[in-house]
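Make the full structure from the sequences, and use the hints.
Just so you know, the protein sequences line up as chains U and C, in that order. When you line the first sequence up against my numbering, it's residues -12 to 303, in that order. When you line the second sequence up against my numbering, it's residues 383 to 516, in that order.
Listed below are the simulated DSS-like cross-link pairs for lysine-lysine, each with C-alpha atoms no more than 30 Å apart in a straight line:
| hint | chain 1 | residue 1 | chain 2 | residue 2 |
| --- | --- | --- | --- | --- |
| 1 | C | K512 | U | K0 |
| 2 | C | K464 | U | K61 |
| 3 | U | K274 | U | K253 |
| 4 | C | K386 | U | K(-10) |
| 5 | U | K(-10) | U | K27 |
| 6 | C | K464 | C | K404 |
| 7 | C | K513 | U | K(-6) |
| 8 | C | K513 | U | K20 |
| 9 | C | K386 | U | K259 |
| 10 | U | K259 | C | K512 |
| 11 | U | K27 | U | K61 |
| 12 | U | K221 | U | K88 |
| 13 | C | K513 | C | K404 |
| 14 | C | K462 | U | K(-10) |
| 15 | U | K186 | U | K165 |
Simulated from the structure, these hints should not be mistaken for lab results. Computed from a prediction, not measured in an experiment: that's the story for all the values here.
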Amino acid sequence: MKKFNYKDIFINKHVAISRAISMVENNDSQVAKFYDKIYKYSNEPVRIGVTGPPGAGKSTLVDKLISCFINDNKSVGVVAIDPSSPFSGGALLGDRVRMSKYSENNNVYIRSMGNRGDLGGLSRKAQEVGDILAASGKDIIIFETVGVGQAEHDIVNAADFTIVVLVPESGDEVQLMKAGIIEIADLFVINKSDRPGSKRIERTLVDILHAVSTEDGFIPDVMSSVATTGVGVKQIFDKIIRNIQLFDESGQLEKRRLRRYKNRIKALVVEKLEGIFWDLNRRRLFKNITSSIDSVANPPNSVVRKLLLNFDKEVK
Amino acid sequence: MERKIRIVMAKPGLDGHDRGIKVLASAYRDAGMEVIYLGLRQTPEMIVSAALQEDADVIALSSLNNAHNTIFPRIIEIMKEKEIEDVLLIGGGIIPKKDIESLEASGVGKLYGPGTPVNETIDYITNWVKKNRR
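Spelled out as C-alpha cells, the structure:
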C-alpha cells in the first residue's frame, strides 16, 4: 500500500484526498484515526446540491457552474453520484464525461461515486467525502445526485442550498404539486428551455410556489437555461451567490446546518446499528433459517423475531 | 465490505469509434466494477488526472487510430509525474504485435486485440488488483 498521510489533505495534495475518500467509501478502520482532525473544517465551504430527473442536464449545468466559480476565484469540489447495480454491485459512473476540461486546474477536484444501494439519491458516504474536500480547502462543494424521480430528497441533508433541475417535459400541474423533491428546492432551473413548453412549466411552477406556505416565507426562484450552450447560466450563478448570502445573513444557513447535523447523527446511528446487527453469527443464522424455508406461507415477521432475539442485550 | 475495483475508461485523442469500449464498460459494470467512463477525445493529462482524483486501480484505453505509440508512453510518463505509477494501464484495439511487445516491455499492462473473450480481460484485471493494490 502507498504511504498515506492525512496532513497532505490540508495542502490539497490530490493523491492524499483521493486515498482518503476511498477509505471513507470502504469503511476502512483507518478513517477513525484522521476523521476528527479533518472534521473541524467541514463547515467552511458552502455546499450546493444539484438534483433532478435523469437526463435533465445536471452534469452539464454543474460543469458550467464550475467555470463560473473558477472565474470568481473560488475552488470547487464536486461529488457526482450515479447508481450502482443492485445485482452486480458494479456501476457506470458517467458524470465526468461532461466535466473533463478542468484536469489542469488544481483548484477543482471531481469525484464520482456509486450510490452503493442508498436509495435517497446520494451515497451514504457522500457527506464524509464532502468533509474531506472541505479539509482540502475547497470554497464550494457541489453534490450531484443520481437522477431522481419524486421522493429522493436526501440531498437536503447534505447541502446548504439545493437546486432542482427540470426540463420542459417534467410534468403537468398535478405532478408539480406532489410532495417530494418539489419541496426541497431553493432554486428551480428549467433546463433545455429552448424546447417547447418551457414557458408553460415555468409559469405553472411559479403559480404553485406562490400558493405554498413555507416556515420562513422563502419562495424559490424559477430560472431557465440551456446548459449545453451556457444560456442563462451566469444569471443562475449570480442568483445562487446572492441567495446564499441572504441565507447567511438571515441565520437560515446556520439553521440548516444544525438540522443537517442532527439528521446526520440519526443516520449514523442507523448505520452503526446495522453494522453491529449483521455480524458473522447473524449472517450465518439468516442463511441457516432462510435456506430451510421452502415456502412463503409463514409471515416474514416470524423469521425477523428469531433474528432479533437477544439483540437488545447485545447492544447494551 | 468488499472493496470495489475502480477502473477509468477512455478513448484518447481523435478516435470516434466507441462501440467497443462501451460494450466493455457495461461488461465491467456487470462484473461488479465501478467504471468511471470518460468518453471521447481525452488527452493523456485528462485521463491521468481523472485516474488520480478517482483513486482508480486501473486505466483502460481503447485505441483504434494507430496513436498507441504516442499515447501509452505519454500516459506512463504523466502517471510517474503525478505519483500514480502503481495504477495498471491496459488497453485494447488495433495494435500490431511488435508494438504490443515493446509497449508491454515499457511498463504498460496487457494490450488486447479484436476477438479477445471479455472474461479473459476481467480475470486479468481482477487478479492484478488482488495481487498489487493494497
